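For reference, the chains in residue letters:
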Amino acid sequence: MENLAAKIEAILFLRTKPMTFKAIARILSVKSEQVQESVETLMKLRNVDASGIHILSTVDGVALVTNPIFGEELKTQTKDEMKSELTRPQLETLTIIAYRGPITKAEVEHIRGVNCSLIIRNLLMRGLIDERDDDIKLLPVFSLTTDMLRHLGIHKADELPDFEDLHKHSKIDQMLHSLDG
Amino acid sequence: MEFSVKQDAFSGPLGLLLELLDKRELEITDVALADIADEYLLRLESADVLPEELADFLLIASRLIYLKSRELMPYLRMDEEEEEIGELEEQLRLYRLFVNAAEKINEQFSNTERSFERPFTRIKIDQKPAFAPAENLTSDNLRTAFAGLLKRLQPFFTLQQVSMERVKSVEERISELTTVLQSRASMKFQDVVSGAKRKMDVVVSFLALLELARRQHVSVRQSGQDVLIERM
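In the order they appear, the protein sequences are chains L and H.
Following numbering that gives the first Met the number 0, the numbering of the first sequence begins with 0 at its first residue and continues without gaps.
Following numbering that gives the first Met the number 0, the numbering of the second sequence begins with 0 at its first residue and continues without gaps.
Hints were generated in silico from the structure; no laboratory data involved.
Hints are supplied without guarantee of correctness; some may be wrong.
[Said to hold, decoys possible] Here are some chain H residues the structure puts well away from chain L; computed CB gaps all over 10 Å:
{"#": "1", "residue": "L19"}
{"#": "2", "residue": "V30"}
{"#": "3", "residue": "D37"}
{"#": "4", "residue": "E44"}
{"#": "5", "residue": "A46"}
{"#": "6", "residue": "S61"}
{"#": "7", "residue": "I104"}
{"#": "8", "residue": "A133"}
{"#": "9", "residue": "K150"}
{"#": "10", "residue": "L176"}
{"#": "11", "residue": "S185"}
{"#": "12", "residue": "V201"}
{"#": "13", "residue": "L209"}
{"#": "14", "residue": "V217"}
{"#": "15", "residue": "R220"}
{"#": "16", "residue": "D225"}
[Claimed, not checked] Computed spacing ranges between beta-carbons, pair by pair:
{"#": "17", "chain 1": "H", "residue 1": "R230", "chain 2": "L", "residue 2": "P139", "range": "48 to 58 Å"}
{"#": "18", "chain 1": "L", "residue 1": "P139", "chain 2": "H", "residue 2": "E229", "range": "53 to 63 Å"}
{"#": "19", "chain 1": "H", "residue 1": "G223", "chain 2": "L", "residue 2": "D133", "range": "52 to 62 Å"}
{"#": "20", "chain 1": "H", "residue 1": "P132", "chain 2": "L", "residue 2": "D132", "range": "13 to 23 Å"}
{"#": "21", "chain 1": "H", "residue 1": "P132", "chain 2": "L", "residue 2": "E39", "range": "35 to 45 Å"}
{"#": "22", "chain 1": "L", "residue 1": "K170", "chain 2": "H", "residue 2": "E229", "range": "44 to 54 Å"}
{"#": "23", "chain 1": "L", "residue 1": "K30", "chain 2": "H", "residue 2": "D21", "range": "49 to 59 Å"}
{"#": "24", "chain 1": "L", "residue 1": "F162", "chain 2": "H", "residue 2": "E86", "range": "20 to 30 Å"}
Since the model is a prediction, treat every value here as computed from it, not as a measurement.
For each residue, glycine too, the CB sits at the ideal point set by N, CA and C.
Pulled out of the complex, with its shape left as it was, chain L reads as follows (with noise of 0.2 Å):
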């Protein structure tokens, strides 16, 4: 399809919120992977300093922001500002769904070696992760939400520092693995 990047672009625009690859296809009338690949297109378009807008994409979505470098400046013109704490095994778990997401909780229970459920519903209602059903692994999964890309700056989970070392561990994907019993 042509110009399919810019129709995707559009449709965010006109939508104001992050939607799913999936919600997009439809829309469209394309396949989810076709979408995906024209994001990563606009990813390189949009993502660059000259542009007051750029992309993010998550594991399964995307969504059009600010610049993250004007954070600064812009953050008196919008009433997203909620002062709120993290605490330690909140943050934790954040960083272990980010470099392993999608992830299920027993995994991440497995790798923090303690019950999460709190922690977990906990971040689910701040925003920071969500929740959906994976084919393969028949538990739900957990993964970042756009929300929480905004608030760290970055476009994707892997612009997270060492991001390939952590999520390809092999050591880690053992352990994780052994749970499959």
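Start from chain L and add chain H according to the hints.
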């Protein structure tokens, strides 16, 4: 949203272990873990642990106690436990990687570089309340959804099955021990568990012994490095 991290007492049992090891500048080895067992238990006793986390703290406590007791009772060295200790050390190392990563993420929060969304504008529509089921609410979809749910619950059902098997075997063990005691006036715990192939067999035997003691069918006392079981 601005983030600042509240300082908590400690973040889970692994967090506590790392804290104790770091304080004494120890590496993650089984000797070091045995060393900090007492301090771990002390901290656990005085801390406010959430009920849902207590089991996890106790699990680690049991591993540490096993490490300490390994030196006192060599004949209770069990392969399964050894494997779990190795896993614990690995788990600690990997957990530490994430603790370090969390630090970096924390720094990234204090960075003022961040993006904003356009505020969501809601278009007001006059809506009369009505029953509006989703288009895909068909009986087929309901059946598929339910089948999926049953599939997801399967591991839980299997677990219940296994638990029931275990309960049954304590009863069986009690009968077995009672039968043996009818022909022998006494025996040592070592005799009871000598044929044990798995850790679970030892646990079941121990539970059976406790029950027999409670029913006052046997008396138990320390005998050297073992336990003497006598018919009452």
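| query | Is the nearest CB of chain L more than 10 Å from the CB of V201 of chain H? | reply | holds, 22 Å
| Would the least Cβ to Cβ distance between A133 of chain H and chain L come out above 10 Å? | The claim holds: A133 of chain H sits with its nearest Cβ about 15 Å from chain L, beyond 10 Å.
| Is 48 to 58 Å a correct range for the gap between the Cβ atoms of R230 of chain H and P139 of chain L? | holds, 54 Å
| query | Taking the closest pair, is the beta carbon of I104 of chain H still more than 10 Å from chain L? | reply | violated, 5 Å
| query | Is 53 to 63 Å a correct range for the gap between the Cβ atoms of P139 of chain L and E229 of chain H? | reply | With a Cβ separation near 54 Å, P139 of chain L and E229 of chain H satisfy 53 to 63 Å, so the hint holds.
| query | Does L209 of chain H sit more than 10 Å from chain L, CB to CB? | reply | Given a closest Cβ separation of 28 Å, the condition holds.
| Is 52 to 62 Å a correct range for the gap between the Cβ atoms of G223 of chain H and D133 of chain L? | Holds, since G223 of chain H and D133 of chain L (Cβ atoms, about 55 Å apart) stay within the stated range.
| Cβ separation check - D225 of chain H to all of chain L, threshold 10 Å | holds, 34 Å
| message | At 10 Å, judged by beta carbons, does E44 of chain H keep clear of chain L as stated? | response | holds, 18 Å
| message | Minimum C-beta separation from L176 of chain H to chain L exceeding 10 Å: can you confirm that? | response | Holds, since 32 Å exceeds 10 Å.
| Per the hint of 13 to 23 Å, is the separation of the Cβ atoms of P132 of chain H and D132 of chain L within bounds? | 21 Å Cβ-Cβ, so the 13 to 23 Å window holds.
| query | Taking the CB of F162 of chain L and the CB of E86 of chain H, does the distance hold inside 20 to 30 Å? | reply | At roughly 26 Å between Cβ atoms, E86 of chain H and F162 of chain L fall inside 20 to 30 Å, so the hint holds.
Violated hints for the displayed structure, listed by number in ascending order: 7, 9.
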